[in-house]
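Chemist: Chain residues, written in single-letter form:
Number of protein chains: 6
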Amino acid sequence: MPIVQVEIIKGRTVEQKRQMAKQVTEAITKTLACPPEAVKIIIREMEKENYAEAGTLFVDK
Amino acid sequence: MPIVQVEIIKGRTVEQKRQMAKQVTEAITKTLACPPEAVKIIIREMEKENYAEAGTLFVDK
Amino acid sequence: MPIVQVEIIKGRTVEQKRQMAKQVTEAITKTLACPPEAVKIIIREMEKENYAEAGTLFVDK
Amino acid sequence: MPIVQVEIIKGRTVEQKRQMAKQVTEAITKTLACPPEAVKIIIREMEKENYAEAGTLFVDK
Amino acid sequence: MPIVQVEIIKGRTVEQKRQMAKQVTEAITKTLACPPEAVKIIIREMEKENYAEAGTLFVDK
Amino acid sequence: MPIVQVEIIKGRTVEQKRQMAKQVTEAITKTLACPPEAVKIIIREMEKENYAEAGTLFVDK
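So the protein sequences, as listed, match chains P, V, X, R, H and W. In this text, residue positions in the first sequence follow the working numbering: the first is 1, and each later residue adds one. In this text, residue positions in the second sequence follow the working numbering: the first is 1, and each later residue adds one. In this text, residue positions in the third sequence follow the working numbering: the first is 1, and each later residue adds one. In this text, residue positions in the fourth sequence follow the working numbering: the first is 1, and each later residue adds one. In this text, residue positions in the fifth sequence follow the working numbering: the first is 1, and each later residue adds one. In this text, residue positions in the sixth sequence follow the working numbering: the first is 1, and each later residue adds one.
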């Protein structure tokens with residue numbers, strides 16, 4: 001606790017995920033007053049055919 | 001907002017997802033009174049070994 | 001299967017949810033070729049202080 | 001209903017998932033008083049670069 | 001890790017949740033070979049107007 | 001996109017959520033190279049009887 005889930009379109013590098021995990025954890029611990037060990041982050045990656053806005057798949061944009 | 005997540009077993013075509021995204025977005029905008037741009041749809045696909053009903057994996061059915 | 005989760009800001013009536021559940025189920029069965037009994041819909045309602053876009057809570061908009 | 005989602009790091013065998021689905025379903029039906037048919041289990045598998053604790057990706061541990 | 005989410009209709013007692021958490025944790029640790037400390041369980045409770053099967057809200061059944 | 005879900009135990013103030021939303025959005029935009037408008041954050045709050053670690057509900061700790 002807290003458990004954070006981040007949904008993104010596929011294509012980020014491991015280095016981007018590494019920096020994101022580090023900085024989101026810092027943002028959470030600083031603002032919600034909890035130790036870093038308590039923060040779990042799950043990253044979910046989606047193919048462009050698996051995300052839609054306004055009824056249109058990203059693969060069609 | 002609204003954010004819609006649709007969990008399905010793997011195996012649908014892109015055309016099926018395209019139609020689903022379109023028609024679910026229409027159903028949402030019509031019934032919940034929101035603009036199409038507000039509707040985000042995330043499709044999650046599962047392997048048959050990653051879904052169970054009544055304690056039995058789909059891969060065993 | 002399919003399992004659908006719909007995240008909305010609090011404030012819709014039961015009648016709106018009723019129509020939404022009905023029409024989203026129809027959209028899913030028609031486009032993904034599955035029986036209505038297979039479609040489960042979970043509605044999650046959020047307070048305006050529990051949703052943010054562009055870093056701003058809805059309660060502050 | 002109940003719908004159970006289990007997030008794990010990739011690497012379990014189908015046999016492990018089979019036993020997990022069976023025993024978690026038993027635990028749910030026994031303690032929450034519902035029939036086995038009502039229990040749906042979704043297993044989500046993550047790559048080690050998609051999970052972080054204390055700001056560190058598992059791939060870096 | 002593993003992180004388990006259990007979606008149920010409102011109405012269970014704290015004692016039922018206590019037993020469920022205990023027995024699901026045992027089922028997970030035994031079948032997936034992980035220590036009890038690694039297992040986190042999130043229980044989500046829904047009102048009957050927030051769950052539908054076959055296009056019908058539970059509040060209408 | 002990205003869509004971020006943050007699960008926390010109930011009890012944070014609106015000001016804490018406000019700061020969290022702001023700083024998590026900054027962390028995401030800086031590390032994943034996306035505009036602030038693209039970042040949606042859903043906060044989910046749990047009662048202490050709805051979260052367990054190592055098989056024990058938080059309400060019992």
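Hints may contain errors.
[Claimed, not checked] Straight-line Cα separation of at most 27 Å, DSS-like style, residue types lysine-lysine; simulated pairs: (1) P:10 <-> V:61; (2) X:10 <-> V:48; (3) P:48 <-> X:40; (4) V:40 <-> X:40.
Calculated from the structure, these hints are not laboratory results. In this text, all values refer to a predicted model and were calculated from it rather than measured experimentally.
Chemist: Next step is simple, just say for each hint if it's right about the structure.
Modeler: Here's how the hints hold up against the structure:
no.	hint	result
1	P:10 <-> V:61	violated, 32 Å
2	X:10 <-> V:48	violated, 35 Å
3	P:48 <-> X:40	holds, 25 Å
4	V:40 <-> X:40	holds, 19 Å
Consistency note: the structure conflicts with the earlier hints numbered 1 and 2.
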